[in-house]
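Undergrad: Chain by chain, the residues run as shown.
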Amino acid sequence: MSGILGLAADNLLSPIILSFVLGLSAALARSDLSVPEAIAKGLSIYLLFAIGFKGGVSVADHGIDLRLGLSLSAGLLMSFTLPFVAYALLRALTGLGTTDAAAVAGHYGSISIVTFVAATSVLASQSIAAEGYMVAVAAVMEAPAILSALWLASRGGRTGGVESGLWREILLNGSIVLLVGSFLIGWATGPEGLEEISSFIVAPFKGVLCLFLLDMGLVAGRGLRGSRGVLGGGAVTFAIIMPPVGALIGLVLGLAIGLSPGGLALLMTLAASASYIAVPAAMRVALPEANPSIYLTLSLGVTFPFNLVLGIPLYVAIATAVTGG
Amino acid sequence: MSGILGLAADNLLSPIILSFVLGLSAALARSDLSVPEAIAKGLSIYLLFAIGFKGGVSVADHGIDLRLGLSLSAGLLMSFTLPFVAYALLRALTGLGTTDAAAVAGHYGSISIVTFVAATSVLASQSIAAEGYMVAVAAVMEAPAILSALWLASRGGRTGGVESGLWREILLNGSIVLLVGSFLIGWATGPEGLEEISSFIVAPFKGVLCLFLLDMGLVAGRGLRGSRGVLGGGAVTFAIIMPPVGALIGLVLGLAIGLSPGGLALLMTLAASASYIAVPAAMRVALPEANPSIYLTLSLGVTFPFNLVLGIPLYVAIATAVTGG
Amino acid sequence: MSGILGLAADNLLSPIILSFVLGLSAALARSDLSVPEAIAKGLSIYLLFAIGFKGGVSVADHGIDLRLGLSLSAGLLMSFTLPFVAYALLRALTGLGTTDAAAVAGHYGSISIVTFVAATSVLASQSIAAEGYMVAVAAVMEAPAILSALWLASRGGRTGGVESGLWREILLNGSIVLLVGSFLIGWATGPEGLEEISSFIVAPFKGVLCLFLLDMGLVAGRGLRGSRGVLGGGAVTFAIIMPPVGALIGLVLGLAIGLSPGGLALLMTLAASASYIAVPAAMRVALPEANPSIYLTLSLGVTFPFNLVLGIPLYVAIATAVTGG
Amino acid sequence: MQTHKAKRVEIIIEAPMERRLRDTLSKAGVTGFTVLPVLGGSGRSGYWSREGQVSRAAGMVALVCIIRPERLDTLLQAAFSVVERHIGVVCITDCEVLRAERF
Amino acid sequence: MQTHKAKRVEIIIEAPMERRLRDTLSKAGVTGFTVLPVLGGSGRSGYWSREGQVSRAAGMVALVCIIRPERLDTLLQAAFSVVERHIGVVCITDCEVLRAERF
Amino acid sequence: MQTHKAKRVEIIIEAPMERRLRDTLSKAGVTGFTVLPVLGGSGRSGYWSREGQVSRAAGMVALVCIIRPERLDTLLQAAFSVVERHIGVVCITDCEVLRAERF
Ligand SMILES: Nc1ncnc2c1ncn2[C@@H]1O[C@H](COP(=O)(O)O)[C@@H](O)[C@H]1O
Ligand SMILES: Nc1ncnc2c1ncn2[C@@H]1O[C@H](COP(=O)(O)O)[C@@H](O)[C@H]1O
Ligand SMILES: Nc1ncnc2c1ncn2[C@@H]1O[C@H](COP(=O)(O)O)[C@@H](O)[C@H]1O
Ligand code: NA
Ligand code: NA
Ligand code: NA
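Protein sequence lines, in the order shown, are assigned to chains A, B, C, D, E and F.
Residue 67 in our numbering sits at position 67 of the first sequence; the count goes up by one each step and never skips.
Residue 210 in our numbering sits at position 210 of the second sequence; the count goes up by one each step and never skips.
Residue 12 in our numbering sits at position 12 of the third sequence; the count goes up by one each step and never skips.
Residue 1 in our numbering sits at position 1 of the fourth sequence; the count goes up by one each step and never skips.
Residue 72 in our numbering sits at position 72 of the fifth sequence; the count goes up by one each step and never skips.
Residue 86 in our numbering sits at position 86 of the sixth sequence; the count goes up by one each step and never skips.
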């Protein structure tokens with residue numbers, strides 16, 4: 001336990017976390033500090049490209065094994081089922097209606113790629129290796145949860161018919177395409193490809209992540225300020241309980257598959273994280289009646305900081321402990 | 001021949017080309033992946049600044065020789081005359097009217113700086129040196145073709161008077177000024193100047209080029225999708241035949257001047273490439289009757305990918321073969 | 001003296017200064033070269049984050065000494081009092097009315113962070129060390145001058161009541177928060193933190209500064225073109241005399257405190273520089289009657305280039321000379 | 001100069017709905033419109049601004065459509081089918097245009 | 001379709017004044033509006049464009065507010081108190097809206 | 001509040017023509033206007049959006065000009081001379097303004 005706290009303390013003092021805290025504080029203090037939308041999008045393109053590419057190179061390097069298929073299946077399974085777990089918890093803990101609860105639940109089945117990136121960077125700084133294909137697992141987990149959420153919402157009387165065109169939009173959304181595409185590029189070009197561009201995608205990576213998390217902190221803080229009063233204690237409790245619950249399911253599946261300590265920590269992180277890009281956009285279209293303040297605030301304002309600051313060191317510590325790694 | 005195919009295959013597997021292919025595929029599959037306009041412009045400012053600066057440093061390093069003047073003259077000559085070649089080919093191969101044919105022809109006399117940059121990066125990865133002042137040749141080739149295009153269009157009955165103010169706009173357009181300016185800065189500050197900023201303009205260069213080509217792929221793909229039906233087979237044939245024709249003319253002139261293998265390959269690339277920034281903007285003002293879909297699709301959707309994937313390795317192979325380099 | 005000229009000449013041939021000159025020339029020649037607003041803001045976020053962080057790390061490294069408190073007090077004192085000096089000079093040299101003169105005076109009490117950054121980079125290239133906490137001095141000097149300016153303006157009959165809310169806005173403006181925040185992060189994470197992200201904030205720093213100064217040149221040039229006729233010779237004289245006057249006051253205070261040669265040069269630079277971000281924004285709100293062309297042109301179009309090209313090498317030379325460093 | 005009566009319809013709608021609105025308008029034969037970016041706004045669902053958004057997804061856009069008076073109802077019907085369940089505003093103004101043949 | 005009479009008020013104002021304008025409108029009970037970005041402009045204080053600005057500070061924004069006719073004067077009074085000492089423009093147009101209950 | 005009749009003219013035009021339009025308006029004595037960015041649009045020459053553009057060159061902008069009714073014709077004549085050969089739209093609306101002395 002004290003080991004975990006030590007890790008959390010170390011983690012807390014990393015420039016990455018402190019940049020997030022800076023952004024959060026600035027927004028809560030109503031500073032006008034802001035990162036232009038185009039820059040934030042540019043930074044996220046960089047992060048997705050780099051993380052996908054490096055994942056692909058690592059697969060080219062270490063080869064794929066039988067566990068790849070199993071991990072992808074585990075990811076799919078979790079993305080489909082976690083929303084049901086989340087929905088049950090939400091109905092137990094909060095007074096949210098069917099539609100709002102279903103919308104929130106969908107976010108927790110899907111994943112947050114920045115949380116994933118932050119976890120890889122914690123692993124890297126502790127020299128814990130992980131399977132390169134975990135990036136592909138992240139990609140397959142983005143969308144299925146949306147289907148579960150719509151099904152849950154439709155039980156509440158909504159027609160729930162998913163408009164043709166929405167599926168293409170969800171499956172071909174920019175983040176997924178960029179992540180999978182750069183993964184394939186990294187796989188195809190391998191270590192030589194990485195060498196050509198490593199001073200772009202490896203060396204400055206952590207610094208770019210700092211600036212990105214500064215912006216995430218600003219956005220989360222503005223979201224929190226804007227939604228005071230919208231959320232009850234029950235909802236906040238959910239947003240803190242659900243990540244460890246998800247991580248536990250990830251742990252069980254990951255152990256069954258036989259992932260490395262690093263891979264295990266990443267699968268737990270994916271399960272624990274909540275979407276704030278792909279799923280909200282889909283919900284605006286498919287479930288316009290659901291209140292965006294609720295799902296965005298829970299996912300970005302509560303769960304994201306929780307995972308960043310406490311969750312990730314916890315998952316890494318547990319993963320290394322249970323695998324004896 | 002098999003050597004050329006081998007080179008093309010190598011080239012195909014570079015992260016740079018694959019990033020372009022990723023963008024192209026994403027756009028054709030109607031993904032919403034997009035690079036914000038400001039980021040794309042920022043990347044192009046970076047590339048122009050870096051390529052100009054490095055060209056200038058190389059001139060400071062190796063000194064200028066008599067061939068500099070000859071190369072600039074050859075560039076000017078080609079920019080003026082290639083539109084006539086293109087126009088003749090277009091009239092032979094397509095049913096385009098005078099104005100549209102003239103507008104397209106103007107694009108092929110001018111150059112694509114990204115194609116040039118991609119060629120320098122292929123040369124660098126094969127350790128083939130090139131004259132630093134080829135950057136200046138690129139700069140002088142941007143504008144003259146516009147004059148030829150307007151002259152060609154005016155023969156078709158259009159008044160063709162070039163509004164005062166347009167010339168300043170063309171000659172002082174941002175890309176030319178930045179390219180020439182950073183070339184002069186590189187020249188003035190020399191290797192010491194380069195050392196100060198090389199971890200900005202040299203180390204991450206290829207990675208930035210990847211992201212830029214990702215965006216180029218997206219734009220080219222969107223352009224191709226948007227212009228289905230606009231282009232006939234003849235126009236597409238033109239856009240594939242014209243680059244080797246231009247390259248051949250570049251080859252002859254470059255040999256006459258006595259350029260190095262790398263310089264020769266770059267001159268061929270310049271002749272083979274078609275503008276999609278400076279000339280389209282000028283055409284919108286001076287030839288508004290010409291259909292932008294036609295010239296943009298041919299230049300960006302057909303010729304650009306052709307040069308990137310097949311043309312450049314071909315030109316490099318020929319240049320090294322004929323010079324015995 | 002010839003040493004100073006030599007330094008100025010060296011400085012003139014650095015890529016940083018030449019990039020500024022390129023931007024300035026492009027704008028004066030009415031080229032359409034431009035850096036997108038979002039990119040310019042992104043670059044300035046990078047610069048503020050990097051300079052703040054490095055300042056904090058240097059404090060973590062060398063510890064704080066008694067001079068920290070004295071330097072902050074000197075900064076505050078100068079920010080409060082320099083506007084009175086500037087105001088007196090303006091009334092003597094120009095025909096500006098009370099409001100305009102007060103607004104301009106406020107700019108000269110505050111500071112220009114890019115001038116500060118350029119000075120640190122000149123010091124670095126001459127291997128002259130400086131106190132890391134000078135970044136904090138820069139931060140405290142941003143705002144107090146605004147108070148002095150409003151007091152000066154109110155004497156001219158304006159009500160001068162500072163609207164509630166404006167103070168929070170000024171004190172929590174983005175640049176101050178980012179600078180102080182990253183300073184604290186650097187302090188907290190120390191040299192290990194720096195090592196993690198140094199290939200992002202140290203290696204490419206000078207190159208990024210080049211692009212930023214290219215944009216500053218463009219903006220300054222457009223400003224100068226737009227305000228022809230607005231400014232008389234007296235105002236321009238003021239904008240060239242005031243920086244050395246401020247630097248002299250900074251020199252006296254810095255010597256009294258016992259700063260290192262580098263710290264002394266930076267304090268002089270801060271005193272000599274004029275704001276063009278925080279103060280103009282505050283003036284638009286609090287003194288809308290003041291003409292923005294006047295204060296922006298003087299600060300950005302005259303004083304900024306003066307400091308960049310002549311001022312900084314002068315201040316560095318004097319600081320090293322008087323301290324015998 | 002000679003001008004012609006027309007209607008100017010301004011539709012402020014969530015960005016993720018833009019493509020759907022465009023498609024619906026096209027199907028209704030409305031092929032002329034312009035889309036403007038929106039920085040922020042306020043309505044029954046509270047205040048928002050681009051700065052406080054992780055992605056463009058939650059932003060809005062303004063679509064401006066100038067149309068002949070007799071085709072207004074077709075346009076409104078089409079627009080309403082998309083806007084109905086969503087937040088946003090539809091506002092119609094009388095206007096005049098040059099070059100009537102374009103509308 | 002059924003439409004309802006309303007007023008469309010467009011206020012072009014300096015960006016640093018935007019928050020104040022919003023706050024004043026809120027206090028006057030005007031809670032529906034949209035803010036659009038502005039690239040540049042020209043007026044008595046000359047020509048400016050974003051390109052020539054170091055910071056967003058000196059830019060402007062356009063705030064569009066659709067409001068019931070009877071509440072127009074409240075809005076104008078509130079807006080004027082902010083705009084008064086500042087540069088910028090206020091322009092009012094008659095318009096019609098769908099879903100009147102929203103305004 | 002006291003308002004004054006005016007005309008609001010909106011001109012949507014290709015970005016490379018913006019400077020020319022501005023110059024022509026200035027020459028015609030029209031010195032007050034605001035330029036707004038445009039994200040995309042559709043017309044006789046098809047659909048386009050900023051995303052599908054390599055450079056700003058092929059984009060469009062919207063210029064809004066509020067003017068006294070008696071000066072409208074001068075403005076339209078000037079605008080038309082620029083817009084004539086180009087794509088784009090000119091749309092005129094009746095409006096009212098505060099602070100009439102500004103126009
Ligand atoms: N009265 C109004 N005038 C202008 N824009 C409005 C108005 N009401 C709502 N909007 C815009 O429509 C968005 C959604 O409004 P609502 O559906 O009321 O939450 C707001 O964020 C504004 O951008
Ligand atoms: N007649 C007008 N029509 C449209 N916008 C205007 C007009 N006059 C002024 N503006 C806008 O308001 C800003 C300030 O105008 P002014 O207060 O006249 O300097 C200008 O930069 C324009 O963006
Ligand atoms: N009816 C319309 N309403 C609003 N904007 C239009 C309309 N028609 C054309 N536009 C705009 O003007 C541009 C050029 O139109 P066009 O000249 O018809 O190709 C389009 O891309 C739109 O941005
Ligand atoms: Na999850
Ligand atoms: Na060419
Ligand atoms: Na100062």
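These aren't lab readings, by the way, just hints derived from the structure by calculation.
Please note that the accuracy of each hint is not assured.
List of simulated lysine-lysine pairs, PhoX-like, C-alpha gap at most 25 angstroms [claimed, not checked]: (1) Lys5(E) <-> Lys27(F); (2) Lys206(C) <-> Lys206(B); (3) Lys206(A) <-> Lys206(B).
Here the structure is a predicted model, which means the values were calculated and not measured.
Undergrad: Look at each hint and say if it fits the structure.
TA: Results for each hint:
Distance restraint check for Lys5(E) and Lys27(F): the Cα-Cα separation of roughly 38 angstroms exceeds the 25 angstroms cut-off, and the hinted pair is therefore not satisfied. Note on Lys206(C) and Lys206(B): the hinted pairing holds, with a Cα-Cα distance of about 19 angstroms set against a maximum of 25 angstroms. Annotation: proposed proximity of Lys206(A) to Lys206(B) holds, straight-line Cα distance about 19 angstroms (limit 25 angstroms).
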